[in-house]
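S.K.: Sequence:
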Amino acid sequence: MDKFTLNEVGRIAGVLTSMSRQRSLLGINVREGNIMGASLVVAVDRKQGVFYIDEFSSSELTDAVRAGKSFSLRGMDQGVSVFCSGLVAKSIVKIDGTPAYKVEIPKSMLYKQRREYFRVPIGETKVVPVDLQKTSSQLSEDDDSSVFSGELIDISGGGARIVLFKVNDPISAPVEGEDSILRLELPDTTQLMELPVEWRFAKHDDIKKTFTLGLQFINPSPALVDAIQQYVVRAQFAMRREEAPT
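Whatever position you read off the sequence shown (first residue = 1), add 11 for my numbering.
The hints are simulated quantities; they were obtained by calculation from the structure and are not laboratory data. From the three backbone atoms N, C-alpha and C, an ideal C-beta is built for every residue, glycine too. Among the clues, some could well be false.
To be verified - Label pairs and their calculated CB-CB ranges:
#, residue 1, residue 2, range
1, Pro140, Lys80, 19 to 25 Å
2, Phe94, Arg211, 31 to 37 Å
3, Arg194, Ile103, 25 to 31 Å
4, Asp217, Glu19, 28 to 34 Å
5, Gly38, Pro233, 29 to 35 Å
6, Phe212, Gly60, 31 to 37 Å
7, Pro207, Pro110, 55 to 61 Å
8, Leu121, Asp190, 34 to 40 Å
9, Ile106, Lys177, 14 to 20 Å
10, Gln202, Asn18, 20 to 26 Å
11, Ile106, Lys219, 51 to 57 Å
Said to hold, decoys possible - In silico lysine-lysine, DSS-like type, Cα no more than 27 Å apart, as pairs:
#, residue 1, residue 2
12, Lys113, Lys123
13, Lys113, Lys177
14, Lys80, Lys137
15, Lys101, Lys137
16, Lys118, Lys101
17, Lys123, Lys105
18, Lys145, Lys177
19, Lys219, Lys177
20, Lys137, Lys219
21, Lys105, Lys80
22, Lys214, Lys177
Please build the complete structure, drawing on both the sequences and the hints.
M.R.: Here it is as structure tokens:
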């Protein structure tokens, strides 16, 4: 399980906006008295730096929040668990005739991935060249036939999918279970990554002369995994901005 602390108000506002669109259920907790209930994010105002929470499921929670007691928020956003605390209702307003609580967008939010890894698509929006070198003991490192070029399709902290070009003979391509080295440079970074990988599946296209491969990283360094996961999180936010209604 990977944890990230978001410290950018713009990104936190993006998470809250996504939760509003998804109608994601929130768990609200007032620590003093351990008062709990549920609610929804009904709107986000980025310009004012506030968001609005619907009426609570518990009258006891309603009384506590209206009395100015601080509370925490916990919810799910597209399979990701989010949490923030120290929230206080600034005022009560009406949205579409229903009372809502005006709350300042928090300065930090815990963003916890519930699945082991999240995979983000790359090939639809960006071109990320990759090189793949077979490390079979039967091939020398300077053997050109052992190096394949292609593009990244998607990536996560645990593996990637790539497509290799100009593979006329599938027999010459890497085979399932064979170790290789994947080289790539992710967008918005200057770090050339070299990752030992193992093939999990392969599909050859006889017409296009391409080879689509599913890879699993083999004991990647924590620094490389962290760099990839940070990129995945940034890409998730970028996709949310593109999906947001204008």
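S.K.: Each hint should be assessed against the structure and marked as holding or not.
M.R.: Checked hints:
1. Pro140 x Lys80: 19 to 25 Å: Since the Cβ atoms of Pro140 and Lys80 sit about 55 Å apart, the hinted range of 19 to 25 Å is violated.
2. Phe94 x Arg211: 31 to 37 Å: holds, 33 Å
3. Arg194 x Ile103: 25 to 31 Å: violated, 57 Å
4. Asp217 x Glu19: 28 to 34 Å: violated, 47 Å
5. Gly38 x Pro233: 29 to 35 Å: holds, 31 Å
6. Phe212 x Gly60: 31 to 37 Å: Violated, since Phe212 and Gly60 (Cβ atoms, about 47 Å apart) do not stay within the stated range.
7. Pro207 x Pro110: 55 to 61 Å: This hint holds: roughly 57 Å between Cβ atoms.
8. Leu121 x Asp190: 34 to 40 Å: holds, 37 Å
9. Ile106 x Lys177: 14 to 20 Å: Once the Cβ atoms are compared, 58 Å apart, the range 14 to 20 Å for Lys177 and Ile106 is violated.
10. Gln202 x Asn18: 20 to 26 Å: The hint (20 to 26 Å, Cβ to Cβ) holds, given that Gln202 and Asn18 are roughly 22 Å apart.
11. Ile106 x Lys219: 51 to 57 Å: holds, 52 Å
12. Lys113 x Lys123: holds, 25 Å
13. Lys113 x Lys177: violated, 58 Å
14. Lys80 x Lys137: violated, 47 Å
15. Lys101 x Lys137: violated, 43 Å
16. Lys118 x Lys101: Holds: Lys118 and Lys101 sit about 16 Å apart, inside 27 Å.
17. Lys123 x Lys105: With a Cα-Cα distance of about 32 Å, the restraint between Lys123 and Lys105 is violated, given a limit of 27 Å.
18. Lys145 x Lys177: holds, 16 Å
19. Lys219 x Lys177: holds, 8 Å
20. Lys137 x Lys219: The given pair, whose Cα atoms are some 20 Å apart, holds under the 27 Å limit.
21. Lys105 x Lys80: Since the Cα atoms of Lys105 and Lys80 sit roughly 21 Å apart, the hinted pair holds (cutoff 27 Å).
22. Lys214 x Lys177: Given that 27 Å is the threshold and the Cα spacing comes to 14 Å, the pair holds.
Of the numbered hints stated above, those contradicted by the structure are hints 1, 3, 4, 6, 9, 13, 14, 15, 17, listed in ascending order.
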